[in-house]
Amino acid sequence: MKYEYWFAKIQGINLRKKIRLRQCMKTAEAIYYIEETQLKKIEFLNESEQDKILKAKRQDPEKEYESLCEKGIRFIPHFTDEYPEKLKRISDYPYALYVKGSLPDKAAKKAALVGARRCTPYGEKYAVDFGKVLAEHGVQIISGMARGVDGMGHRGALLGNGKTFAVLGCGVDVCYPREHIGLYVDILEQGGGIISEMPPGTPPFPQNFPARNRIISGLSDVVLVMEAGEKSGSLITVDLALEQGREVYALPGPVNSRMSIGCNELIRQGAGILLSPEMFLEELGLSGKKTEKEGKNKKMLETQEELLYSCLGLYPKSVEEILKETKLEVRQVMEILVSLELRGYIREISKNHYIIV
Amino acid sequence: MSFSTILSAVIEGLEVAFIHVEADISNGLPVFHMVGYLSSEVKEAGERVRTAIKNSGFEYPAKRTVVNLSPATMRKHGASFDLPIAAAILTALGQIEKPEKDCLIIGELSLGGSVKKVSGVLPIVMEAKEKGVRKCIVPSENVTEASLVSEMEIVGAATLQEAVEAMQNRRKRKKIQNKEITDCGNLRKTVQKETKFPDFADMKGQEFVKRAAEIAVAGGHNLLLIGPPGSGKSMTAKCIAGILPPLDLRESLEITKIYSVLGLVDEKTPLIVDRPFREVHHTATKAALIGGGTIPHPGEISLAHKGVLFLDELPEFRRDTLEVLRQPLEERYVNLSRTYGNYTFPANFMLVAAMNPCPCGCFPNANCTCTPLQIQAYQNRISRPFLDRIDLCVEASQVKYEHLSDEQKGESSKEIRKRICRVREMQRIRYKETGNLTNAMLEGDALNKYCKLGTKEKKVMEQAFSVMNLTARGYSRILKTARTIADLEESDAIKVKHLQEALGYRMDNRKYTV
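In order, the protein sequences belong to chains A and B.
According to our numbering, the first sequence is numbered sequentially starting from 1.
According to our numbering, the second sequence is numbered sequentially starting from 1.
Calculated directly from the structure, the hints in this document are not laboratory data.
Beta carbons: idealized from backbone N, C-alpha and C, even for Gly.
Careful, some of the hints might be misleading.
Derived BS3-like pairs: lysine-lysine, alpha-carbon spacing no greater than 27 Å straight-line [as the list claims (entries may be wrong)]:
hint, chain 1, residue 1, chain 2, residue 2
1, A, 2, A, 86
2, A, 327, B, 495
3, B, 204, A, 327
Looking from chain A toward chain B, a few residues come up when the C-beta cut is under 7 Å (computed) [unchecked claim]:
hint, residue
4, 147
5, 320
6, 328
7, 330
8, 331
9, 335
10, 347
11, 349
12, 350
13, 352
Modelling step: build the complete structure from the supplied sequences, incorporating the hints.
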């Protein structure tokens, strides 16, 4: 395996050529011990690629592989049984995967939860909701651990006590974005996994991210888009998913919300519509019985509280706006807002901007 | 007579040090010696004095002159020794008679013999009165300022000649009425200056911000205004200057002393009668803010003593500049240690700060173009411990067109000020024994005593502590703010609704994480 790892790590050789070369030579070991004259005869490799192989020979495959094992990272090349079959069926499957933790279960349903990094509280809430309910029903959530919807999707799945998998655009031992280190640890602790096609230690180069999107959709059965702007990166994932023949669902949003333009457009073009996690589960063929609808009427609110609560939504509203809508006095509004916040019905998202929970 | 001594004084930091100026004239080589640990501006006094004496029509014989400023161990600086040195020499020469023992002289001389204005006259005269001095000869430009001290004979001198006449009691004193200043109403009349601040009535919308400003001023709480550009943060701060409660005489003199030391009072405004409102630009240095120099000068925070220090664009300040404010914000004075000693300056100010929520200023609106990382980096420019010292934090939101076109005027600053004065008076009576003046200054036992909570109220705070994850300092800030809100309603007990409102204005310490 050490030679396989050595070969997979060589950069600057086209994915297809790599696979073809290995097919020709049968093992990576053979490539490592190949004579220079013989290498020059391989015609589908150009000179610089041949040079790269020769240069790579200076590394010690044994030492490199040992340090990989020490880090607890598994190396899974495409010809092994462990390699996800679903992924292998896409046209440009990765040569090898590096995995920390586990890979998604072959038998389980897998859903990719993607969306904008700069999402609104609306997208955040539904990413958590969908992640949670789906995880509770055994659906494994796959996403990219990015800021915004991705991270929230993972968080939701963790809340639902499910396994969730993060596909990174950097090495699996690099936590990007850094503030998600807590999430990174929690995913591993709950039996999920961190997956990447980049060798460990690769920094988060921007050009790697569109490529990792194909793995996210390639690993899953369906792709759920929570929020996407007009030119969102999530739409790249959607295009790739459609190429790979995955089903795409989108969460509808208000027509005037910039962060929902992409989603609404997808629905117009015929994507599935996400109205609630339960309805989606039914479409997947899993019953959504475990639902206790927590109606608003359950909350014991007084008239004025009700008045104020009803004017809040999932898009943040400032106290000034609330004042204007409710026509209440400043001190009344502050009192009610804080009492609702203390009871956990609303949340202060930025100073004096509130959303409902 | 060939030896004489004259009493003078100088400012050290904010303290007054009395200096005896001694002169001795004897036969010998015609040299002029000055001793007594002098800085160069004092050494130069020799030339000024000799020329001024000559040009004022006195004779200066070719004799050996020695001038000593005692105590000799203290470093002397400033130009206020010119006049006492001249007086000492003239007396030693026997050209004039020795003045009374309890007469203090200060003033700077020009070569032509005229006496120039000096700074720090008020504290010197006040201190002199304590010491038992009966008569002060000061530059005529400083007379109004010096006359604020009652039961003291103040004589102004425009020239050295006049000063000499004053010493000899020959000068027919212009009757300077020591103005009878006993209360604030009178106080105002002594000052012709009328400062103009924007009125809250002209502020459109922003009822919420106005309310927070009222609470902040009523209790002397620190206030942070967050909001997009053009939302009226700076205007709110300036309006706050217009609703500050009036000063009483003691406070007024306390402030004037600081201003006098820095030479910021003049004949027109000998007394500071309005609470100071100091707006500091974000390029300010540490020394400018808290005071600095080998012998420190008071900085902006001392100039804002008993008033408001306004820091606009808070994140643009250098971080270390803001950090130096932490100790004065808590202790309400600043202590500067130098080689020559320790200097303590009062700094009991109310902090008003303004900032944008993010670099573009629009967060959390949808049209904000900043990334979460940028927003966090921007907000992180101000340290947690600094923000922890701010009692109220409000968001000033973008002004809507409906508000701008609204002809109706809001409540005027005058009405708001009336309420504030009432609440401040309540606090003054309540805290008579503790020496505190405002709710914001409550601490330790006094806090527990005056901010007692009932069982229902305790439960709310318990809930808030876990839900809003307050710090211990944050907790006491909420109590103090709630105390002020209760005072505004003239309620003796702090009720749940007061706590709830106070919690709404709390400084949040949220971080952007999943």
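If you test the structure against every hint from before, which numbers come out violated? 6 and 10
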